[in-house]
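Chains as they are written, first to last, in the working numbering: chain U, 4 to 904; chain F, 181 to 460.
Please note that a few of the clues may not be correct.
As the list claims (entries may be wrong) - Okay, the calculated bits of chain F under chain U, using three or more residues with CB under 8 Å as the criterion:
no., segment
1, 184 to 192
2, 288 to 300
3, 308 to 314
4, 403 to 415
Stated by the list, open to error - The calculated DSSO-like cross-link candidates involving lysine-lysine, where the alpha carbons are at most 30 Å apart (straight line), are:
no., chain 1, residue 1, chain 2, residue 2
5, U, Lys424, U, Lys317
6, F, Lys296, U, Lys749
7, F, Lys366, U, Lys682
8, F, Lys384, U, Lys317
9, U, Lys749, F, Lys384
10, U, Lys121, U, Lys317
11, F, Lys409, F, Lys381
12, F, Lys366, U, Lys742
13, F, Lys296, F, Lys381
14, U, Lys121, F, Lys409
These are computed hints drawn from the structure, not numbers from a lab. Idealized CB from N, CA, C, for every residue including glycine.
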Amino acid sequence: MAGQIQNVSAAEAFGFLQSRAGGLTEAEAQERWREVGPNTIEVERRFRWLENLGRQFTNFFTLLLDLAAVICFIADHIRPGENMNILGWALLSVSVLNALFSFVQEYRAERAMEELRKFLPQRVRAMRGGEEGELLGSELVPGDVLLVQEGDRIPADARLVVSHDLLVNNAPLTGESVPLTRTAEASEESMSESDNILLAGCSVLRGSGRAVVFATGFRTQFGRIAMLSQETRRHVSPLERQTQSMVRVLSIIAVGMGLAFFAYGVYADRPLWVNLVFMMGIIVANVPEGLLPTFTLSLAMGSLRMARRNVLVKGLNAVESLGAVHVICTDKTGTLTLNRMAVAHVAAPLEAEALTDSHECVPILELALAASEVHGSEGEFSGDPLDVAIAGHMEEQEKGGSVVSRVDAAMIRRFAFDSEKRSAAGIMTREKDFVFVLKGAWESLRPRITRISSGRDGAAGEAGTGELERADAVVHRLAAQGLRVIAVACRSLDTPPSDDAAIETFEHDLTLMGFLGFSDTLRPEVPGAVAQCHAAGIRMLMITGDHPETAEAIARHAGIVPADAAAGSVTMTGAELEDMREEQLIRHLREGAQIFARATPEQKMKIVAALHQMDLVVAMTGDGVNDAPALKAADVGVAMGVTGTDVAREAAQVILLDDNFASIVAGVEEGRTIFGNIKKFTNYVLVSNGPEIMPYLIYIIFPVPLAMTVIQILAIDLGTDIIPSMGLGQEKPDPETMKQPPRSRKQGLLNWPVIAHSYFFLGLIEAGFSLFLFFFVLTQGGWEWGQELTANDPLYRSATGITLSSIILMQIGNLFGRRSHRGSGLDASVLRNPLIIAGIVFEIVFSWAILYFPPLGTVLGTGPVDAAVYGVAWLGVPLIFGLDFARKRAFAAVENKTHMR
Amino acid sequence: MSIFFAYDGSINNDWVARYAIRLASHDEDARLQLLHVNDGTSSPETIKDKIARIEMESSLMGVAFESEILSPGAGVAEALDERIPPGPESLLICGVRVGGRGGGLFSGTITERMMKLGLYSVLALRIVQPGLLGLPGNILVPVSGAVEGFHSGLSILNRLAPDIRELFLLRVMMLSRGHYRQLGDKEAEALRREGAEYLEKMEKELVTAVDLSPDRIEAIARISDDWVKEVLICASRCKSGLILMEVPRKSLKGKFLFGDKTEELLRGTPCDVALYRGIA
């Protein structure tokens, strides 16, 4: 056995796969089908969706809401008529909506598989039992003999046994759209390099053939990509992680306090009903029920703003993840560049300096155009990008004119681009002479060159070893500038060419006329975006299939590579990457590797894995089918909207509608702003927890009425706090946003300073002032210490009403304070945020309606107070705002002092 | 070491034969003994033809080949047990195929029973990439942390070594689902370090015991709550042609948790799988 299936002859391939030219018998096919299963790329996992759904319903926060709902139902059962069941249903609805929303988000990710499936044909032609027939693609098994022809998609990995001029497109797997010829001869190459292998998911461009299948379903190379796309789990997003941590802390506090005081109530011999209500109240007061829905709304609105900046976000968490990225791994072509080739340099054969005189450039361009196929005129050309660039540049040199029609008029014959020879040719008439022109890669033309034009004077001399080496040097110098180099050579023909003469009869004794250097134009907005990334502490890695020198040149132009970096010092090739272990790669990345040239899309996953080991948040761009696993593996997969495949778009979380790198940076800014805003409204929402918890603590310790009921707490958490929170979620980016380094993965939403500020500073102020009003109203109404009041007592209703009303009013002062970390938050921009204005208006109206609008008072169990008392409640607004501002000033003074030292 | 190949005449076993021949070819006396228990499931003519083909392939590889048709007697397993000398010097190669009793690829099969008995080393193969012709190129070796299992597989790795392009050692640091979802950065870092240190030790042993240079070995440590998924992802990413692993010892004792994982891996594998159970 010489090796693998590609290394043996076609006849042996049949033998090793226990097959034959007439195909398998039905019995054989069935036996194999039982062994290897259907030819489908989906990894069957029963009940996967159920598992996902279950996960959403068992997260900490959902469970906590469920627990609160259950307590409500129990309370309603013990004491009906208190509307506790309505509360239970409300809590349950929030829990279910949250879980279903997350489930739908996750389920959408499965759509990448649907797009991948489209690459495999439904029906195929194959030999079975000696006869040709049509089969379902899923029925193919190893050993089946497959018949393919032009236009077919290949359903499985197969070894060619017969090939008639077969040309295939392997772009779905390799990303390279250059057509490849396929033969049935034995090869010495590895399976992926071998030219006798047909790969599933690819297509036949020309010719026909027969091949024996050796791998099916997710065992094919295409299937492996599908499997990776399906099975690779995206890392928990930074926001998810921080939310989880916050929810965990809040849940522990809530349940811990609830249970502790329940136990205390039992010990103090209070009735079970009172203890249950108390425990539930503590839990409900501690859980910011409105926070998660507000998160969702804020992210959804952020995604709309991103869409306006050409960044389409599919998963809401990606909105914020983009703001948390430490590294952006980007493609070159089309993302950093316009993917539009332009002639950047015309050089004589032995001089690398650019020819600037149009009289010197035009003859070379004219010859090049004779070996091109371009249609159109006056800047509107179509054809191969290089050919279009030649026509455009020539038109520019000639200052207009119909250059293409002039050259076309002189053409006798054209020879299309030959991918194997990497050249194209043409025969034209010039001053009654016939000239054969060959244009292509220098390595391809070099052996055919016998003379070299001196360029400027048009004379040609012998091409000796020295001259050819000088021409080599010119090519290297141009390549080092990041240019793609094409050589142009010609030969005068003695006789008119016959119509059927093969190209080989002309391809000799050529005179080298010059070189054309092409560059893919850098997008004008890219250097600015790269500079923004540098300022924002975001690292950029370029991963490209291009030549290292080309890649580095573009990276330097874009500013990705520092100007003072030595040539090649930050560049690695795909081959080096292939042989490198993960820890070696990590070392190189730490040492500053920034460009991965000649890299394959598969290697992107290796880079992502290494960056994850470095604890970095990674954004990865991609457009091909084989980019899908890397897009899925990255924290933020970014697909190209214009040039990307459907598979890449489905696998990614973010789609760039204009394929432009600058849009990613705009997305980062938006993401950072969103996180900053989430922090603001989290802080805002937690402040009201203080005055919600405090009444319960006082109630269990002292013989006083409960200052706030559960329904009143929910009126704040799920009512008045929501619109202002959304308003904070819409705040404009801070000018400093893109001047700060990316936040650490460890930086949480809920940390000790936030807890201290929310609960023990602002929370206590709100609690103190609202309870002061509660007892003021009670004592004014004749209440005495230790006296119990029923829920329907008008005095009690008025007292709880003013407590609730004052908390809502004080939240207005808190809202202004949260707008700015250091400043007062009172500036003109507040008027440009309609949600904040709406939130304030709502809070004012609600604080009034609680007291003086009876239907609302009935629902919330509140009653009216004197207008003067309500007026005093308004003092809470400047009180909380002023004290918070004083705190900010004090902190700023301390910071300045520390800084001065 | 004597290499026996339990051949049942199935297509999977035809493909397994390539591995058996290659493994035998790297042995000092390059000898393969095919044992077929005539239980009547295949016609004698078919078996004869198929054995002739295996013999021909063996001779092409320079492997001395012997075949023996055994009578089933009390059963297939018993017939094989009677013929194969117990002890570490015997290696039985067999196939893992659909149709085992109990519906599993591995659980409830004769192969599993023979591994449980532990009379000799057993290597069971499931072939899904017949085009590799027993030459997988890259091999993925998931290690569980049980050093004895790793040691017992070294003799098999030694035989595979000449054909290995790259060997990937994978250590999955397992956590419960809840724990994994709540995993903190510090703990993750500590787990990663623990995994990497373990693999470093394994790698050193591997370089000493097997003819593999360090540049052909790559160690990968991952944290996960789903062992099978991690192995399958890694196999696809590393373009592995073969997953070589010791059958988790717990799966031989009771399949409540671990037996299912082996089944899951065998069903979902993107490449060939070799399960082994060596005896010290």
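Inset, instruction - Please count how many residues of the segment 403 to 415 of chain F have a CB within 8 Å of a CB from chain U and say whether that reaches 3. - result: holds (count 3)
Legend entry - Pair hint Lys296 of chain F and Lys381 of chain F, alpha-carbon separation not exceeding 30 Å: 28 Å, holds
Legend entry - Restraint check for Lys366 of chain F with Lys682 of chain U, where alpha carbons must lie at most 30 Å apart: 23 Å, holds
Legend entry - Three-residue Cβ test at 8 Å for the coverage of the segment 184 to 192 of chain F by chain U: It holds: at least three residues are needed, and the segment 184 to 192 of chain F offers 3 whose Cβ sits within less than 8 Å of chain U.
Legend entry - chain U covers the segment 288 to 300 of chain F, three or more CB atoms within 8 Å, holds or violated: Result for this restraint: violated, n = 0.
Legend entry - 30 Å limit on alpha-carbon distance, applied to hinted pair Lys749 of chain U and Lys384 of chain F: 35 Å, violated
Legend entry - 30 Å limit on alpha-carbon distance, applied to hinted pair Lys409 of chain F and Lys381 of chain F: The given pair, whose Cα atoms are some 25 Å apart, holds under the 30 Å limit.
Legend entry - Pair hint outcome, Lys121 of chain U versus Lys317 of chain U [Cα-Cα no greater than 30 Å]: The given pair, whose Cα atoms are some 21 Å apart, holds under the 30 Å limit.
Legend entry - Pair hint Lys121 of chain U and Lys409 of chain F, alpha-carbon separation not exceeding 30 Å: Within the cut-off at roughly 25 Å; holds.
Inset, instruction - Sort out whether Lys749 of chain U lies within 30 Å of Lys296 of chain F, counting only the CA atoms. - result: 47 Å, violated
Legend entry - Restraint check for Lys384 of chain F with Lys317 of chain U, where alpha carbons must lie at most 30 Å apart: 46 Å, violated
Legend entry - Three-residue Cβ test at 8 Å for the coverage of the segment 308 to 314 of chain F by chain U: It holds, with 7 qualifying residues against the three required.
Violation of the numbered hints given earlier is confined to hints 2, 5, 6, 8, 9; the remaining hints are satisfied by the structure.
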